[in-house]
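These protein sequence lines map, in sequence, to chains A and B. Residues in the first sequence are numbered consecutively from 424, following my numbering. Residues in the second sequence are numbered consecutively from 102, following my numbering.
If you are wondering where the hints come from, they were derived from the structure by calculation, not from laboratory data. It cannot be assumed that every hint is accurate.
[To be verified] So these bits of chain B aren't anywhere near chain A, every CB distance computed over 12 Å:
{"id": "1", "residue": "E138"}
{"id": "2", "residue": "A159"}
{"id": "3", "residue": "K170"}
{"id": "4", "residue": "A294"}
{"id": "5", "residue": "R301"}
{"id": "6", "residue": "N329"}
{"id": "7", "residue": "T337"}
{"id": "8", "residue": "E345"}
{"id": "9", "residue": "V353"}
{"id": "10", "residue": "A398"}
{"id": "11", "residue": "L429"}
[As the list claims (entries may be wrong)] Coverage of chain A stretches by chain B, computed from C-beta distances (three or more under 8 Å per stretch; other residues unrestricted):
{"id": "12", "region": "520-526"}
{"id": "13", "region": "532-544"}
From the three backbone atoms N, C-alpha and C, an ideal C-beta is built for every residue, glycine too.
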Amino acid sequence: MFDQPVNNLVEVSDLKMYFPIYTGIFRRHTGDVKAVDGVSFNIREGETLGLVGESGCGKSTVGRALLRLYEPTAGSVMISGENIATLDSEALRKKRPTMQMVFQDPQASLNPRMTLADIISEPLIEHTDWPVERRLERVLELMDAVGLNRRFANRFPHEFSGGQRQRIGIARALALNPKFIVCDEPIAALDVSIQAQVVNLLEDLQTRLGLTYLFISHDLSMVRHIADRVAVMYLGRIAELSPRDELFAKPLHPYAEALLSAVNEPDPNRARRERIILQGDVPSPANPPKGCNFCTRCPKAFARCHQEKPELVEVEPGRQVACFLYEDKKPAVSIGRPEAKTEHNQQGETL
Amino acid sequence: MLTFTLRRLLLAIPTLLLISLVIFFLVDLAPGSPASEIPLTVPAEVRAKILEAMGVNAPVYVRYGLWLKQFFYIEPLYAFDSLTGSHYAEGMQRIISYQTRSPVFDVIVQRLPQTLIVIGTAYLVGILIAVPIGIYSAYRQYSLFDQFGTLLAMIGFSVPTFFSGTLFIIIFAVWFGWFPTKYDTTLNVTDWASFWKQVRQMTLPVMTLGLANAASISRYMRSSMLENMGQDYVRTARAKGMSEQTVVLKHVLRNSMIPVVTVIALGIPSIFGGAIITENLFGVSGIGSALIGAIHANDLPMVQTLAFIFAILIVLFNLIADVLYGLLDPRIRYD
Chain A
424 MFDQPVNNLV EVSDLKMYFP IYTGIFRRHT GDVKAVDGVS FNIREGETLG
474 LVGESGCGKS TVGRALLRLY EPTAGSVMIS GENIATLDSE ALRKKRPTMQ
524 MVFQDPQASL NPRMTLADII SEPLIEHTDW PVERRLERVL ELMDAVGLNR
574 RFANRFPHEF SGGQRQRIGI ARALALNPKF IVCDEPIAAL DVSIQAQVVN
624 LLEDLQTRLG LTYLFISHDL SMVRHIADRV AVMYLGRIAE LSPRDELFAK
674 PLHPYAEALL SAVNEPDPNR ARRERIILQG DVPSPANPPK GCNFCTRCPK
724 AFARCHQEKP ELVEVEPGRQ VACFLYEDKK PAVSIGRPEA KTEHNQQGET
774 L
Chain B
102 MLTFTLRRLL LAIPTLLLIS LVIFFLVDLA PGSPASEIPL TVPAEVRAKI
152 LEAMGVNAPV YVRYGLWLKQ FFYIEPLYAF DSLTGSHYAE GMQRIISYQT
202 RSPVFDVIVQ RLPQTLIVIG TAYLVGILIA VPIGIYSAYR QYSLFDQFGT
252 LLAMIGFSVP TFFSGTLFII IFAVWFGWFP TKYDTTLNVT DWASFWKQVR
302 QMTLPVMTLG LANAASISRY MRSSMLENMG QDYVRTARAK GMSEQTVVLK
352 HVLRNSMIPV VTVIALGIPS IFGGAIITEN LFGVSGIGSA LIGAIHANDL
402 PMVQTLAFIF AILIVLFNLI ADVLYGLLDP RIRYD
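Given these sequences and hints, build the entire structure.
Set out below in structure tokens:
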């Protein structure tokens with residue numbers, strides 16, 4: 424475990440994204456929607472980290488705050504050694520080519536008044552000093568890479584189908600040779616038949632170009648297909664972060680367990696996992712529970728869960744869980760390392 | 102696009118005919134008589150003869166048919182003659198004003214330049230003020246600038262021009278003496294001195310109307326910008342690492358211009374229509390004051406002709422706005 428050098432491309436620590444609430448006649452700041460409340464994880468170079476969770480749990484917000492499309496309230500995001508959260512706007516703009524995003528809605532995320540060639544080549548105009556011919560060549564090359572016919576270069580986004588539009592979105596994200604791509608539910612708006620194509624394209628590009636992905640999705644089977652490791656989010660916090668196979672075989676956190684029990688088994692003859700139906704609703708992120716965020720719905724909650732927030736700690740090699748149920752197992756792995764450090768740099772060298 | 106334009110132009114013909122019918126008969130039904138302008142000292146039989154000569158006594162459908170022929174055939178022919186020096190329209194009866202006994206179109210040709218210069222400048226100034234204000238207000242929504250812009254727009258909306266115009270006259274012409282109180286229509290621009298004089302006498306009416314125009318256009322601009330500012334493709338542009346200037350002026354502004362251009366295009370007929378109140382207030386003898394004068398004098402041919410010209414312009418600019426829409430938004434195709 425120690426002999427293999429771990430090269431983290433992205434290191435997120437204690438990321439918080441609060442959206443302020445202003446109420447009353449004087450628009451006083453009376454509270455915050457804690458969309459992301461202290462999230463820490465690392466993404467290694469070349470891997471795909473899946474980020475799953477139900478609607479409104481803060482998945483997309485994490486993705487956007489990571490690329491500073493939102494101004495994070497607190498925390499740091501190190502991407503290849505630079506803290507994205509504190510860069511000034513000009514330095515951030517210069518940094519953008521290394522980190523890109525594929526957006527959820529391929530229709531709305533493309534400017535309706537620009538042709539495909541304009542959309543893909545615009546970042547090249549901004550960040551390179553290439554002449555027109557070279558840019559056009561790059562556009563065509565990218566269109567080939569994502570499987571779009573070269574003849575479409577002068578068409579407008581509305582002339583394409585959803586799957587083709589998402590390919591445009593991917594080509595656009597690839598234009599500047601990024602290292603890290605946040606895929607924010609890239610397949611959620613697509614037809615099932617197209618979903619597989621797009622996911623395969625993403626995987627193919629990853630192998631060829633050595634990309635690192637943060638794959639945000641609520642589609643558990645798709646995440647199972649593409650991700651190397653999976654983080655399960657609940658109400659702005661990570662409940663569990665585990666390698667894919669271990670997580671799907673045996674989820675540790677009660678929420679992860681409940682969530683994964685919802686995955687359909689494709690083979691009807693195989694024994695189905697018992698479906699865990701959670702009671703109640705997700706609490707408001709503006710007013711999360713005092714203790715563990717999941718304590719209001721957790722079937723295994725006990726007294727302590729209602730008092731303290733559990734930290735995300737490593738309980739098995741490579742597996743991190745934020746749950747008091749596993750607290751006694753913790754020392755098994757963190758060999759003589761100070762605990763304070765494991766809190767913020769959870770999947771250190773032990774992976 | 103061409104088919105669409107032609108189709109719309111063909112459809113405009115019955116529309117305009119219907120409008121002309123309504124205008125003609127409505128104006129004709131209005132109480133009052135052109136005879137009221139003739140001094141009472143004129144003997145009754147002379148008065149009757151005058152009216153007879155004016156063609157007032159003919160039945161309304163005869164006058165309508167005649168007017169249609171004059172408007173669509175004789176007047177264009179006459180305009181063609183005066184342009185090319187030919188004599189096709191010689192001896193044909195043009196539309197004659199009851200008031201001045203001279204052709205209505207001569208009056209229009211005399212009055213129109215004043216209106217176009219003053220009202221047109223006011224409109225242009227209004228757009229030039231409104232667009233940047235709208236953009237910046239939306240970009241810094243709820244900022245002090247935005248609040249101030251909103252206040253200014255509210256004032257522009259709610260204060261009628263007869264009040265703001267009078268106020269400007271009192272402040273800038275009477276108290277400070279910077280500008281003349283009245284617009285001098287007879288001024289000919291020949292050199293720099295007279296040009297400067299023209300600019301000074303135009304300032305107050307242009308300011309009065311420009312404020313009113315800017316108020317509404319800046320609101321349209323702001324709301325359209327705000328609507329687009331929150332769109333996903335704007336986030337995409339930021340994620341591409343484009344500068345804020347490119348994001349706002351290229352991505353957001355171009356998409357926001359679509360409704361604003363429509364509003365601006367639809368407002369252009371009002372330039373030709375003149376701003377009746379402002380023209381009267383500052384003594385700009387343009388089309389607007391011609392219309393008011395004609396209404397006072399029961400000058401039916403003048404009122405009918407002017408109202409119909411405005412109707413044509415409105416129909417035309419509606420069409421232009423639609424065509425512009427298609428040019429600006431690639432998603433709209435009229436095929």
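Checked hints:
1. E138: 57 Å, holds
2. A159: At roughly 57 Å from the nearest Cβ of chain A, B/A159 sits farther out than 12 Å, so the non-interface label holds.
3. K170: Holds, because the least Cβ-Cβ distance between B/K170 and chain A comes to about 47 Å, which exceeds 12 Å.
4. A294: 47 Å, holds
5. R301: Since the minimum Cβ distance to chain A is about 42 Å, B/R301 lies beyond 12 Å and the statement holds.
6. N329: 10 Å, violated
7. T337: Given that some Cβ of chain A is not farther than 12 Å from that of B/T337, nearest at about 5 Å, it is violated.
8. E345: 8 Å, violated
9. V353: Violated, since 9 Å does not exceed 12 Å.
10. A398: Given that every Cβ of chain A is farther than 12 Å from that of B/A398, nearest at about 52 Å, it holds.
11. L429: 8 Å, violated
12. 520-526: This one holds; 4 residues, not fewer than the three required, reach chain B with a Cβ under 8 Å.
13. 532-544: As far as the region 532-544 of chain A goes, the hint holds, because 5 residues have Cβ atoms under 8 Å from chain B.
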